[in-house]
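Listed here are the chains, written in short residue letters.
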Amino acid sequence: MLWYTGKRLLQIIPVLLGATFLIYFMVFAMPGDPIAALYGDRPPAPGVIDQIREQYHLNDPFIVQYFYYLLGIFQGDFGVTYSGQPVNEVLARTFPVTIRLALLAIFFEMVAGITVGLISGLRKGGIFDATGLAVSLVLISLPIFVLGFVAQYFMGIQWGWFSPTVGTGAPLEDLILPAIVLATISFAQIVRLTRSSVIETSSLDFVRTAYSKGLTRRRVVPVHILRNSLIPVVTYLGTDFGTLLVGATITEGIFNVPGVGRTLYQAVIRGEGPTVVSFVTIMVLLYLVVNLLIDLLYAVLDPRIRYA
Amino acid sequence: MPDTSSSKPRIEHYVAPLEETPLEAIDSVKAEGKPSNLWIDAWHDLRRRPMFWISSALILLIVFVALFPGLFTNESPSEGCLLANSNGAPAPGHPLGFTRQGCDVFARIVYGASTSLSVGIIVTILVFTLGVLFGAFAGYYGGWVDGVLSRLGDIFFSIPYILAAVVIMSVLANYRNVWVISLAIGIFAWPATARVLRSEILRVKNSDFVTAATAIGVSRFKIMWAHVVPNSIAPVIVIATISLAGAIVAEASLSFLGVGLPSSIMSWGNDIAQAQTTLRTAPQVLIYPSIALSLTVFSFIMLGEVIRDALDPKARAQR
Chain A
1 MLWYTGKRLL
11 QIIPVLLGAT
21 FLIYFMVFAM
31 PGDPIAALYG
41 DRPPAPGVID
51 QIREQYHLND
61 PFIVQYFYYL
71 LGIFQGDFGV
81 TYSGQPVNEV
91 LARTFPVTIR
101 LALLAIFFEM
111 VAGITVGLIS
121 GLRKGGIFDA
131 TGLAVSLVLI
141 SLPIFVLGFV
151 AQYFMGIQWG
161 WFSPTVGTGA
171 PLEDLILPAI
181 VLATISFAQI
191 VRLTRSSVIE
201 TSSLDFVRTA
211 YSKGLTRRRV
221 VPVHILRNSL
231 IPVVTYLGTD
241 FGTLLVGATI
251 TEGIFNVPGV
261 GRTLYQAVIR
271 GEGPTVVSFV
281 TIMVLLYLVV
291 NLLIDLLYAV
301 LDPRIRYA
Chain B
1 MPDTSSSKPR
11 IEHYVAPLEE
21 TPLEAIDSVK
31 AEGKPSNLWI
41 DAWHDLRRRP
51 MFWISSALIL
61 LIVFVALFPG
71 LFTNESPSEG
81 CLLANSNGAP
91 APGHPLGFTR
101 QGCDVFARIV
111 YGASTSLSVG
121 IIVTILVFTL
131 GVLFGAFAGY
141 YGGWVDGVLS
151 RLGDIFFSIP
161 YILAAVVIMS
171 VLANYRNVWV
181 ISLAIGIFAW
191 PATARVLRSE
201 ILRVKNSDFV
211 TAATAIGVSR
221 FKIMWAHVVP
231 NSIAPVIVIA
241 TISLAGAIVA
251 EASLSFLGVG
261 LPSSIMSWGN
271 DIAQAQTTLR
281 TAPQVLIYPS
291 IALSLTVFSF
301 IMLGEVIRDA
311 LDPKARAQR
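Chain order of the listed sequences is A and B.
Start counting the first sequence at 1; every next residue gets the next number (the UniProt record's numbering).
Start counting the second sequence at 1; every next residue gets the next number (the UniProt record's numbering).
Among the clues, some could well be false.
Stretch-level coverage of chain A by chain B, calculated; a stretch enters the list once three of its residues show a Cβ under 8 Å from a Cβ in chain B [as the list claims (entries may be wrong)]: (1) 21–27; (2) 171–185.
Chain A side only, calculated, beta carbon under 10 Å to chain B, not exhaustive [stated by the list, open to error]: (3) Q11; (4) G160; (5) E272.
No wet-lab data here; the hints were simulated from the structure.
Please read all numbers here as calculations on a predicted model, not as lab measurements.
Even glycine gets a Cβ: it sits at the ideal position worked out from N, Cα and C.
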């Protein structure tokens, strides 16, 4: 396990360097003078330009500039937002809200997805299975902002089941509707994954053995079938986290959730380039770390991975 | 070998019967009969499935609308809009009512189809080309080629492609058009395709027909393109169909975020974003383009799913 962890940690280094380099390259190697953009029509004094160029290492070669940027990231310095607030401060305020929303969404999609997938898989070909597959196909096709607006209009405004926007402090009951919307994108995938995994596990020898030694369905289904079917679902959470990040950006924007996603959403809408870059970098780092953790969890759950 | 049979009882070994094909069976195979392969089997399966025909019909309709929007509406999507009609209810000749700018909702939906479809197709071609190139070389050549290409893929995979597209489109604020947005989406979306093809090639490249081709002296490069890739491409076709739907959603999402296409280009995402402010008072302006968008995405995903099931014998057994 230690060896596997070490190997996995080493593997993440080139990806980390490459990803940050790509983001940096996309933004800072583009044509245009950042200082000219800073000042607009009235050019500043020549000395000021030189000083700013020196301060931000703009006279150094591109690769050296990249290392300064990387150094900043490793020291936890993501720069300042457009309005001059340190990104870290904004992050400290918004991050807990997003984590709460994401955990709630993961909880919803896991409970609902695994339940539906399990029943569909056990009664393959039945009415429940057919309906489940059809519904999941429809849900996959709905872009998240369409779903968000429809949910907001009907459940929030028309029928008044939930508050259409999230109030200050983001209380948990306000987060339920955005979390359901966010959960819906991955719900269908989890249903399908669980279903095919359950069908595959049910046909394995150890399940037949369990039945033939006299165990009841009530014991075989949760202990033998479900537990062994969950491994692919757990690994899916890693990929799903990326979807969740993008989804959170749009959902938080629609429902006015004061989280990291809305900060990025507003920065994008207002065209605040540097803020967008800081937050995208943070999200990518988060995505990498979560995927690393899930890979390690995968190795704990399934010993075959460690020795492969 | 020392003889141990005298001291220990003999162990009976089970020997499986040889599976010999009887000569009559060989004779009865019609050599001139139609050969069956994965694609023919898949077609026979597809032909019988209503979902295939429904999705194909929908896609044909959308393609037709995109190519000849003038056949479906007499209204102009952006000219002759009267502010007096702002968010107006349906009127004769305007079945879906009016937008906030007083334009015909139906005409805007009809003219928006070609944007969504173009972005979808360009992105799919880009993703397919990059994914096949990277996946084929990584899977077939292996070794350090695989190492380099797969790590490169990991890097691109580590940035969710919509986030990457948001950054690219924010930077290229002055150059927004269908080609640029397609490039911004496609450039980060290919690693999934490459991974699928790579693992499929790893499975195929040890087949007997590859060994046979090597034995008769076909070059490695030619074996790859003539034998290995065509036999590994099936799952990539499925991914391509589904990624077309993904690209349409991505374009709409970017336009919705305001970093997609400029408002001069008709786009469902733009229309949805603009209708957002009047959601409470005029929800229909938002709902109709949303339905058009979802239906388009739905038909491509449905087609991809049906093809996946038809190509995969395991999935056929699971049904």
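Structure-based check of each hint:
1. Counting residues of the segment 21–27 of chain A whose C-beta lies closer than 8 Å to any C-beta of chain B gives 4; at least three are required, and the coverage claim holds.
2. By the rule of at least three residues with a Cβ nearer than 8 Å to a Cβ of chain B, the coverage given for the segment 171–185 of chain A is violated, with 0 such residues.
3. For Q11(A), the suggested interface contact is upheld, since its CB lies about 8 Å from the closest CB of chain B, less than 10 Å.
4. Hint on G160(A) is violated. Least Cβ distance to chain B is approximately 13 Å, over the 10 Å limit.
5. Taking 10 Å as the C-beta cut-off, the interface hint given for E272(A) holds, the closest approach to chain B being about 9 Å.
Going through the hint list in order, the structure does not satisfy hints 2 and 4.
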